[in-house]
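As they're listed, the protein sequences go chains A and B.
Using our numbering, read the first sequence as starting at 48 and increasing by one per residue.
Using our numbering, read the second sequence as starting at 48 and increasing by one per residue.
Keep in mind that a hint or two might mislead.
[Stated by the list, open to error] FRET-style restraints, in silico, Cβ to Cβ:
(1) A:Asn382 <-> B:Glu294: 36 to 46 angstroms
(2) A:Asp325 <-> B:Pro396: 40 to 50 angstroms
(3) B:Val281 <-> A:Gly408: 23 to 33 angstroms
(4) A:Ala429 <-> B:His400: 16 to 26 angstroms
(5) B:Pro388 <-> A:Ser305: 34 to 44 angstroms
[Unchecked claim] Footprint (simulated), chain A over chain B, 3 or more residues, beta carbon under 8 angstroms:
(6) 151 to 160
(7) 199 to 206
(8) 377 to 384
If you are wondering where the hints come from, they were derived from the structure by calculation, not from laboratory data.
We treat Cβ as the ideally placed atom computed from N, Cα and C, and that holds for glycine.
What follows is each chain in one-letter form.
Number of protein chains: 2
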Amino acid sequence: MSVTAPQGFEAAGVAVGLKSTGKPDVAVVVNRGPLKIGAAVFTSNRAKANPILWSQQAIQDGGVEAIVLNSGGANCFTGAFGFQTTHMTAEHLAGLLDVSSGDIQVCSTGLIGTGDEVFRQKVLDGTTAAVAALDANGGDAAALAIMTTDSRPKTATVHGDGWTIGGMAKGAGMLAPGLATMLVVLTTDAVLTAEEADAHLRAATRVSFDRLDSDGCMSTNDQVTLMVSGASGVTPETTAFRAALIEVCTDLAVQLQSDAEGANHDIAIEVVHAASEDDAVEVGRSVARNNLFKAAIFGNDPNWGRVLAAIGTTTAPFDPYAVDVDMNGVRVCSNGGPDQPRELVDLTPRKTHVRIDLKEGEASATIYTNDLTHDYVHENSAYSS
Amino acid sequence: MSVTAPQGFEAAGVAVGLKSTGKPDVAVVVNRGPLKIGAAVFTSNRAKANPILWSQQAIQDGGVEAIVLNSGGANCFTGAFGFQTTHMTAEHLAGLLDVSSGDIQVCSTGLIGTGDEVFRQKVLDGTTAAVAALDANGGDAAALAIMTTDSRPKTATVHGDGWTIGGMAKGAGMLAPGLATMLVVLTTDAVLTAEEADAHLRAATRVSFDRLDSDGCMSTNDQVTLMVSGASGVTPETTAFRAALIEVCTDLAVQLQSDAEGANHDIAIEVVHAASEDDAVEVGRSVARNNLFKAAIFGNDPNWGRVLAAIGTTTAPFDPYAVDVDMNGVRVCSNGGPDQPRELVDLTPRKTHVRIDLKEGEASATIYTNDLTHDYVHENSAYSS
């Protein structure tokens, strides 16, 4: 049910030919209220796509009536014409719904530099068609329409005590959040204020999407939006809602990881006993971005030397001669030296666990990444041509 | 002639079985004076190999009698035993040459975590054999013995006005300098003080090896050493010597780039009109480390959107809607939007030139990198296993 699992939402996904395959490429999610509020987090890439520039402004008052998302073109680096396209899309959807364009969020995904007149007309036509197809069970159709190189749609639902959170996500490459990554729409019928929605969303993305770093490449178009209808009439217990939102976000993040372009391994890099949580994240991310480490995992090679070499490039406090490294449960490195023979490590399963013990403090964090494979290179050497 | 091109040096390279292939794996370069001075720069990776820990201490007084280098094992993360091995190697070579062990530099390269008793004995035996084979024409033999995954030895020579600089280098992976990268030995018969040698070396590496970033992975063992014999008796003109040293370093850096593991393209990323040189370097390095950009070049795809997305992750001042990007001479992006059709760009030559105009100031820098290829993944997924 995706984003229409909670009460108060309608959605649709339609095909207008933005994708050469003819698959669905425009999605609309409408908040029927009674609350029409929301929050969003955006890519921290300073090269931001036109829809990001629009949506960042539009979300500031906390009001969200609807969101329109297209695949098949990022509308990024398309100049003033591209921003006008985003603006026209918001105005067009606002007109169809008889609401203010300032309460419309716009997201685009696909090839950077795509956003000509043909693109504009298709997005506008798709918005019209999607509004005509709006359905209280349209969440799955919307999840299909936002896919790019994804092999499958990503949706998640969690039920609370009288309220529900639903979500959909897309993303298979350029997966490295600075604040948020990929396109994600979350919906809830819980009763929240705009400030509560914002706080919950930032807290949940910080420990879910922000811990995913598939390929170190931060996108220009990433946005995670939470829409609140309040249709359940239930004001949730704060801790329970926070936990449920983290559950939905983590579920979607893991789905993104397991569908990452060309990946053979889903790698969880768990950093324990760091001096601070920031240190743990920095160490995990440094390992996650090390191509030699990532290629070694592809080759089922427990090359812990590359793990330590990557830690050495961080600013985190650590003693190279105190660090322990486990791979899939085998202690391959103790106190910065060899321990168990590498032959004992079985790296054939897709799920891979690397545990790094810095022995500096009490903080920990897990970063989720993928291996570097022939298929990753193949898919990304042929994307736009 | 490599490191024996200048007067006052002898060198040798021998095979002792550190490499399973039986190829040469221990090199020694001896400074016969009359000056016995030198300077060195080291990896800024905080996880430093044992030879780095030794050599950093030994170089502090500016005295260098000889350097011993082994391939076939990095002696990194091998604990106190590994440091003892380095110490014993320095003492052993010092004894053979009847000099102080404090004037011996030691370098190791190969798999991290390799440094057991067999390794130790072979390095000591190799040192003995290399000293017995020392020759005033031994530079090329030494250049062969330091190779790991290199497909060919790297040497360079520049003649000045009465003096000469020679050099050899090895390195084909983990090529991303933080201060220096790879193993490099430079020699000169010019008359320099230790302070002059140090200043020249730092200035030259800053604009040569420090601008090479093949795969973003910083090594634990990198060292660039300059040995000064003064045997020509000529005190060089400062500017001319600096320029010649930069020429030798750049020559070796380009040789390293063109032999990078699995690479199909040698990419020069030229950043112009940056607000500062640091900004230009940061922008160039960010693009050089972007896997999506690197895979696109492998696929002969002039995907300038990935260039701009990479710039957006830096802290350098720039306006995304002012940037121009040229690829192999074709202006594919003007003022942050599409310009010439991508079909006009020919990316089939190995030499690739990307020019980024930030339009912020007068500073510029060029970063040298490689593409991300199937062969890179293949070679690095099978290195240690």
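Here's how the hints hold up against the structure:
1. A:Asn382 <-> B:Glu294: 36 to 46 angstroms: holds, 44 angstroms
2. A:Asp325 <-> B:Pro396: 40 to 50 angstroms: For A:Asp325 and B:Pro396 the Cβ distance comes to about 44 angstroms; the hint holds.
3. B:Val281 <-> A:Gly408: 23 to 33 angstroms: violated, 57 angstroms
4. A:Ala429 <-> B:His400: 16 to 26 angstroms: Holds - the Cβ-Cβ distance for A:Ala429 and B:His400, about 22 angstroms, lies within 16 to 26 angstroms.
5. B:Pro388 <-> A:Ser305: 34 to 44 angstroms: holds, 37 angstroms
6. 151 to 160: Check passed, 3 qualifying residues.
7. 199 to 206: With 0 residues closer than 8 angstroms to chain A, the stretch 199 to 206 of chain B misses the three-residue bar; violated.
8. 377 to 384: Coverage by chain A holds here, the residue count being 4 at a Cβ distance below 8 angstroms.
When each numbered hint is compared with the structure, violations occur for hints 3 and 7.
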